[in-house]
Amino acid sequence: MKLELRGITKRFGALAANDNVSLVAEAGQIHCLLGENGAGKSTLMNVLYGLYQADSGQILLDDKPVKFSGPGDAMAAGIGMVHQHFMLIPVFTVAENVVLGHEPVKFGGVLDIAAARKKVREISDRFGFDVDPDAIVGELPVGVQQRVEIIKALITDAKVLVFDEPTAVLTPQETDELMAIMRQLRDSGRAIVFITHKLREVKEVADKITVMRLGKVVGEAKPSDTAEAMASMMVGRAVDLEVRKTPAKPGAAGLEVSGLNVWNHEGQQVLNDVSFQIHAGEILVIAGVQGNGQTELTEAILGTQTKHHGSIKLSGHELLGKTVKQVLDAGVGFVPEDRTEDGLVADFTIAENLMLDRSDRAPFAKRGVLQLDFLAKFAAEKVAQYDVRAQGIQAKASQLSGGNQQKVVLARELSRELKLLVASQPTRGLDVGSIEFVHEQIVAARDSGIPVLIVATELDEATQLGDRIAVMYQGKIMGIVPPDTDRTVLGKMMAGLSA
Amino acid sequence: MISKFLRGNIALSVLAVLVSFVVGGILIALSDPTVQSSASYFTARPTDLLSAIWNAVFGAYDALFRGSVFNYQAATTTGMFKPITETLAFATPITMAGLGLAVAFRSGLFNIGGTGQIIFGAIFAGWVGINLDLPWILHFPLAVLAGVFGGALFGSIVGLLKATTGANEVIVTIMFNYIAALLLSYFLKTPFLQAPHNINPISKPILASAKYPAFLGPNFRLHAGVFAMLAAVALVWWLLNRSTLGFQFRALGHNPSAARVAGINIGLNYVLVMAVSGALAGLAGTSQILGTEGSLTTGVAASFGFDAITVALLGRNNPFGVLAAGILFGGLRAGAVTMQASQGVPIDIVFIVQSMIVLFIAAPPLVRSIFRIRAKVEAA
Amino acid sequence: MKLSNKTPIILAVVAFLAVLIAAFAPSGTTEIKFQAEGDLLPLPNIDVSVMAVTWFAAILMLLLAAYSWFRRLVQKRSSIAWLSPVFGVLFVLSVLTTLYAGKTMTLTALLQGSLSLAVPLIFGSLAGVLSERVGVVNIAIEGQLLAGAFCSALVASLTHSIWLGLITAGIAGALVALVLAVFAIRYVVDQIIVGVVLNVLVMGITNFLFSTLMGGNLALFNSPPRFDTMPVPLLSQIPVLGPVLFVQTPIVYLMYLAVGVVWFVLFKTRWGLRVRAVGEYPKAADTVGIKVYRTRYMSLMIGGSLAGIGGAFFTLGQVGAFGKEMTNGAGYIALAALIFGRWNPLYAALAALLFGFSENLQFGLAIIGSHVPSEFLLMLPYALTVIAVAGLVGKVTGPAASGKAYIKS
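These protein sequence lines map, in sequence, to chains E, W and G.
Just so you know, we're using our numbering here: the first sequence kicks off at 1 and counts up by one.
Just so you know, we're using our numbering here: the second sequence kicks off at 1 and counts up by one.
Just so you know, we're using our numbering here: the third sequence kicks off at 1 and counts up by one.
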C-alpha cells in the first residue's frame with residue numbers, strides 16, 4: 001500500500017510542529033524520516049496514526065484520501081505503529097497485549113485466549129521471533145518487548161508500518177536484527193516508515209530519505225550521501241560532528257570504584273562486581289545499551305541506591321553509604337539522566353532551581369531564612385554566564401526549551417566546588433547547538449582537573465567524548481578500552497561478549 | 001494535581017461562589033411550602049409564585065446575612081455586631097485546619113486527615129486542660145502546646161508511614177480519621193477522659209486557667225483564638241515563602257525526585273510536612289476545646305475536617321486565600337443557624353453550597369461555560 | 001519475584017499470640033449453638049473445651065507458620081495465597097472461643113448479622129473495583145450508597161413498587177458516578193477532591209430533602225415497602241450455612257450474582273480486558289483504538305449503579321425507611337475492603353465479610369456482657385487497611401493509572 005501525506009500542518013499554540021509537510025512512502029520500500037529531536041517527526045506520525053488531528057492537509061492511502069479520528073481508524077485502514085515508548089501493559093501477558101483492541105471472542109464477549117495465543121505463535125514463528133504468548137510483558141527483556149510491539153502492529157495485518165525511533169533501547173546486534181526484520185517486512189510488500197536521527201542506521205537500511213527540520217521538510221537525501229551532508233541538512237548549517245578537545249592529561253586517581261554490587265528494590269542484582277578508576281583530568285564514558293546498570297551506577301555514587309556492597313572512593317574518601325547531601329557536599333556534581341524528572345522542578349523559577357541543592361546554607365540561607373536578594377544576584381549571574389535564553393530569572397523551568405533546561409542544571413551543578421562530575425546522558429533529546437554547548441562544558445570541567453564520568457548510550461557520543469570507554473552489560477563492566485576501538489568490538493561488548 | 005488549584009483567578013472564585021448561591025436559592029425555593037402551594041395554581045396567578053419564590057429566597061439569604069455579618073433587626077448594639085463575631089468564631093478553627101491542609105497540599109501530600117488531627121489535638125489539649133492545676137500563664141500555653149503536639153504527632157505518623165513504607169497518605173489519613181474518632185469515643189467512656197458519675201460520653205469541663213481569653217466578654221463565643229489564627233496565617237506565609245523548610249516543602253510538592261537528587265531528605269520532609277500540617281489542625285482542636293466548647297465530646301471536630309479541605313482549595317493553598325475562604329465558610333456556618341431558626345431552612349444547605357463552590361472552583365471551564373466567558377488561549 | 005520475609009514474620013507473630021491466648025485461656029467450655037429458626041434438621045448444640053480449641057488453633061498456626069518459613073528459606077518460594085486467610089480464620093476462632101468461654105455462642109445469628117452488615121459494603125467495594133480498575137479513584141462510594149438509599153426509599157414510597165425503588169437506587173448511584181466521571185475525566189479535577197466533595201454534597205442534599213420534603217409527609221415520601229426474605233429451596237436447608245446464606249432478601253441474592261459477574265467480566269471478557277488496560281496504561285489502550293473516556297464513563301457508572309443498589313439495602317432491605325446519613329461511613333469501609341481485597345471482586349467481598357463480622361461481633365459480645373470495647377472491634381477495618389497499605393502483609397498495589405487523569409493530546 002502506498003502512503004501519501006500531503007501538506008500536513010499541525011500547530012500547538014503558536015508553534016507549528018508540522019508546517020505543510022508532504023511525504024510519499026511506497027509499498028516495498030523503507031522510507032526514512034530523518035531529523036533532529038524536535039524536528040516534528042513524531043508529531044507527523046501521530047497525525048498519521050490518528051492520535052493528533054491535523055489543522056490542514058490530507059492523508060492518502062493508495063491515492064484515496066482518508067480521515068482518521070483515532071488510532072482505531074488508522075489501524076483499520078492498515079497502518080501499524082511500533083512506538084518509541086512501548087505501548088504495552090506490563091502486567092498483561094504477551095497474548096493479551098497483542099490482541100488488545102482486536103480481541104478474539106467467543107459468544108457473549110468472552111475472551112478467547114486460546115485463539116490469541118495461536119495468533120501470537122503464528123506471527124512469532126513466521127518471523128522467527130521466539131516469543132512466549134503467556135509470558136508477562138513486564139518481566140521480558142526490552143528487546144523482546146519490542147518484538148511484542150512489532151507482533152502487535154502485525155496482528156491487524158498492517159500494510160504501512162511505522163517504526164518510531166526503535167533502536168534507542170537496542171544493542172548494535174539487536175539493531176542489526178531489527179534492520180533485518182524491517183527488510184523482511186519490506187520484502188513482503190509493506191511500506192515501512194522508519195523515524196530516526198541516527199545517520200548510520202539511515203545509510204544502512206533506507207531506500208528513500210526525507211529530512212525534516214523545525215517542522216518542515218527540507219529535502220530528500222540518498223543513502224549514498226555522506227553522513228556530514230545529511231547532518232548539515234538536518235541541522236541547517238555545516239556541522240562538525242567531532243567533539244573538540246585536546247588529549248587528556250590524566251593526573252592522580254580521583255574516583256575509585258571497587259567491587260561494587262547493587263541490588264534494586266525487587267532484590268535483583270543490578271550491578272555485579274563493578275570496578276574502575278577515573279583519573280583527575282580524564283573523561284570515562286560508560287557505554288552500553290540503556291538499562292544495563294548505568295543508571296544504578298550513577299545512583300550508587302549519588303547515594304540513592306540503598307542495597308549495596310563494595311566501595312566508591314573519591315580522593316580517598318568513601319562515598320558509599322553516605323546520604324545524597326553528604327555526597328554532594330563531598331564535591332560531586334550530578335547531571336541526571338532525566339532532567340525534567342530528576343534535574344529540575346518544572347514549576348519553580350530558574351532562580352529557585354539554581355538553589356535547589358543549597359537552600360539550607362549560606363549564602364542562600366541564614367539560620368533557616370532564605371536570602372532572596374542574594375539569590376536574585378546569583379541567578380542573574382548564572383543566566384548570563386551560561387547563556388540561558390529566558391524571560392528572566394523568574395521564568396519557570398517548564399517554559400524553557402530542553403537545551404536551556406539542561407543549561408540551568410549544568411549551571412547549578414558546576415557552580416559548586418567540584419571534585420567529580422557525573423553526567424548521565426547529558427545530551428539526550430537536545431538539538432545540535434545545545435549538544436555542542438554541553439560537550440564544551442564537560443570538556444572544560446575535565447580540563448579544570450577533575451575526573452568526569454559520563455553515561456552515554458549512543459556509541460558516537462561515547463567514542464568522541466570519552467578518553468576511555470567502559471562498556472557495561474547486565475550490571476558488569478565488560479572491559480575498559482580506548483575510544484578508537486573498532487565499533488564491532490564495542491558492539492560485541494555491549495551485547496555481553498568479552499572484548 | 002494540586003497545582004491545578006493554584007491557577008485560575010479571583011474572578012472565577014467569585015463567580016463560583018455566586019453560582020453556588022444561586023443553586024442553593026433554587027433548592028430553598030423548591031422546598032418552600034408557600035412556593036409549592038402557589039405553583040399548583042401558577043397559570044391562574046403567576047405573580048403569587050414569583051413573590052413566593054422571592055420571599056423564600058430573599059428571606060433565607062437575609063437571615064444568612066443577619067446571622068453572619070450584621071443583624072439590623074437586633075435590639076441592642078451588641079446584638080447587631082454579634083453575628084460577625086460568630087462568623088469569626090467559626091472561621092477560627094476552619095482557617096487553622098485549612099492552613100494545615102494548605103501546607104500539606106503545597107508539599108504534595110494529600111492530607112484528608114484534618115478530622116483525626118483536630119481530634120488528637122483536642123484530646124491532648126483537653127487532658128492537660130482538665131487535669132493540671134496551674135496558673136493561667138503556665139496552664140494555657142501548656143494546654144495549647146499539648147494540642148499542637150497531639151495534632152503534630154498524629155500527623156507525623158502518616159508521614160512516617162509514607163516515608164518508610166510508601167503507604168498512600170490519602171488512604172491512611174481517611175482511615176486515621178475513623179480510628180481517631182473511635183479512640184476519642186473510647187476515651188470518653190473510660191475514666192481517662194469521662195467525667196465521673198456521668199453516663200454520657202463527655203469530659204469534665206476545661207479549667208478556666210487553660211482557656212483562651214474571651215476578650216469580648218462571656219456573651220460572645222469569640223475568643224482570643226482568633227489572634228492565634230491571624231498569627232498562624234502570617235507564620236504559614238512566612239514558612240512557605242521565606243524559609244528553607246518551606247522551600248524544601250514546596251520542592252517536595254512539585255517534584256520529589258528532583259528534590260531528592262538535589263540532596264533534600266525526602267523521608268524526613270514527609271514527616272515534617274505532616275507534623276506541621278497536623279500541628280495546625282491540632283491548633284484548630286485547641287481553639288475548639290479551649291475556646292468555644294469548654295468540654296470534650298465526640299462532636300469536637302464537627303465538620304471542620306471537611307471545611308478545612310474546602311477552604312484550602314478555595315483559598316488556592318495560599319495562606320491569605322485560606323483566611324478569606326475560612327471567613328466565608330465561617331459566615332455560612334454562623335448564618336445557617338439563623339437561617340434555620342427564622343426561616344426553617346435546614347442547616348444542610350450550607351454543605352450543598354460549600355460542595356458546589358469547591359466543584360465549580362475545581363473546574364474553571366464549567367464556570368466559564370455557565371457565564372460564556374471565552375477561555376483564554378494559553379500560549380503553549 | 002521478590003521474596004519477602006514479611007509474611008512469614010507476621011504469621012509467626014500471630015501464631016505466637018495464639019499460643020499466648022491458649023496458655024492464658026480460661027478453662028471451661030463454650031457452647032456453640034447452630035440452630036436457627038425454621039431449621040428442618042435441627043442440629044444439637046455442642047460444647048467445646050476452650051483449652052482444646054485454643055491449643056488446636058495455636059498448634060495448627062505454629063505448623064503453618066513453620067511451613068511458610070520452610071517455603072521461604074528452603075524452597076525459596078513466595079508465600080501461598082490461602083495461608084493468610086486460613087490463619088485469620090483460625091485466629092478468630094481462637095479469640096471467639098476464649099471470649100465466649102462459659103457462654104453460648106449463637107453462630108448462625110452471628111454470621112447472619114455479619115452478612116447483613118457486609119451486603120452494602122460488598123456492593124460498595126464492587127463499585128470501587130470497577131472504578132479503580134478503569135483508572136479512577138472512587139472516594140465517592142459513600143455518596144453513591146447514600147444516594148441509592150435515599151432515592152430507593154423515595155421512589156418505592158411514592159410508587160409502592162419495591163422494584164422500581166431498587167432500579168431508581170441503581171440509577172441514583174450511577175448519576176453520582178456520572179458526576180464524578182464528568183469532573184474527573186472531562187474537567188480533569190483531582191479525583192480524590194471530587195470524591196470527598198461529592199460525599200458531602202450527597203449528604204447535604206439528602207439531609208436537606210429529608211428535612212424539607214420527607215419531613216413534610218412521612219407516610220407519602222418515606223414509608224417504602226421492605227423486601228421479604230425468600231428462602232432458596234434446598235440450599236436453605238444446608239446446616240448452618242443454609243439459613244445464613246440462602247434465607248435472604250432478593251438484594252442479597254443480587255449481591256452474590258454481582259460479585260460473580262463482576263469478577264467474570266473483569267477477568268474473562270473482552271470488555272474486562274479493556275477496562276483493565278485503560279486502568280493500567282490508558283495511552284496504550286488509546287493507541288489500539290480503545291475509547292478510553294467511554295470505557296471509563298461506562299465502568300464508573302456500572303459501578304455506581306451497584307453501589308446505589310447496595311444503598312437500597314439499608315432502606316428496602318433492612319430499616320424500611322430512609323434516615324439522615326444512614327450509611328454512616330459504610331462507603332469508606334467499602335473503600336477499605338477494596339484495598340484490603342487487592343482490587344479483586346472476590347477478595348474484596350471476603351474482606352467486606354470480615355469487616356461485617358468484626359462490626360457485628362460487638363452486638364454478640366454485648367449480649368453476653370463481654371468487656372471488649374466495641375470501639376476496637378469497629379476500628380478493625382481501618383487498622384487492617386492501614387496495615388495493608390503500609391505493605392506489612394504482602395505487597396498491595398493498585399492499577400497503575402488509578403487516580404491519574406488521561407489527557408488526550
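FYI, nobody ran anything at the bench for these hints, they're computed from the structure.
Treat each hint with caution, since some may be false.
Claimed, not checked - Which chain G residues stay away from chain W? Per the calculated CB distances, all over 10 angstroms, these:
#, residue
1, F34
2, A52
3, F183
4, R294
5, T295
6, F376
7, G391
Stated by the list, open to error - Per the computed footprint, the stretches of chain E lying under chain W, defined by three or more beta-carbons under 8 angstroms from a beta-carbon of chain W, are:
#, stretch
8, 317-328
9, 335-346
10, 366-380
Claimed, not checked - DSS-like cross-link-like pairs, simulated, lysine-lysine; straight-line CA separation at most 30 angstroms:
#, chain 1, residue 1, chain 2, residue 2
11, G, K324, W, K189
12, E, K106, E, K119
13, E, K159, E, K203
14, E, K67, E, K159
15, E, K64, G, K283
16, E, K159, G, K283
17, E, K118, G, K291
18, E, K419, E, K492
19, G, K324, E, K2
Cβ atoms here follow ideal geometry from the backbone N, Cα and C, with glycine treated the same way.
We went through each hint and held it up to the structure:
1. At roughly 32 angstroms from the closest C-beta of chain W, the C-beta of G:F34 stays outside 10 angstroms, upholding its exclusion from the interface.
2. At the 10 angstroms boundary, the C-beta of G:A52 stays outside the reach of chain W, the nearest C-beta of that chain being 33 angstroms off.
3. The claim that G:F183 is not at the interface with chain W is violated, since a C-beta of that chain comes within 10 angstroms of its own (minimum 6 angstroms).
4. Here G:R294 stays apart from chain W, with its beta-carbon at least about 20 angstroms from theirs, past the 10 angstroms limit.
5. The claim that G:T295 is not at the interface with chain W holds, since no C-beta of that chain comes within 10 angstroms of its own (minimum 22 angstroms).
6. G:F376, annotated as away from the interface, has a beta carbon of chain W within 10 angstroms; the closest lies near 7 angstroms.
7. Once the 10 angstroms rule is applied to beta carbons, G:G391 is inconsistent with being away from chain W; the minimum gap is 5 angstroms.
8. Figure legend: the stretch 317-328 of chain E, annotated as covered by chain W; annotation consistent (5 residues with Cβ-Cβ distances under 8 angstroms, at least 3 required).
9. Only residues whose beta carbon comes within less than 8 angstroms of a beta carbon in chain W count, and the stretch 335-346 of chain E has 7; three or more means the coverage holds.
10. Given as covered by chain W, the stretch 366-380 of chain E passes the check, having 4 residues with a CB less than 8 angstroms from a CB of that chain where 3 are the minimum.
11. The suggested pairing of G:K324 with W:K189 holds, with an alpha-carbon distance near 25 angstroms, which does not exceed 30 angstroms.
12. Using a Cα cut-off of 30 angstroms, the hinted pair E:K106 and E:K119 holds, with the two alpha carbons roughly 15 angstroms apart.
13. For the proposed pair E:K159 and E:K203, the alpha carbon gap of about 23 angstroms is at most 30 angstroms, so the pair holds.
14. Restraint check for E:K67 and E:K159: satisfied, since their Cα atoms lie roughly 17 angstroms apart, inside the 30 angstroms limit.
15. Note on E:K64 and G:K283: the hinted pairing holds, with a Cα-Cα distance of about 29 angstroms set against a maximum of 30 angstroms.
16. Of the supplied pair hints, the one linking E:K159 and G:K283 holds, its CA atoms being roughly 23 angstroms apart against a limit of 30 angstroms.
17. The suggested pairing of E:K118 with G:K291 holds, with an alpha-carbon distance near 26 angstroms, which does not exceed 30 angstroms.
18. Straight-line distance between C-alpha atoms of E:K419 and E:K492 comes to about 33 angstroms, which puts the hinted pair past the 30 angstroms bound.
19. Distance check on the hinted pair: G:K324 and E:K2 sit about 67 angstroms apart at the alpha-carbon level, beyond 30 angstroms; violated.
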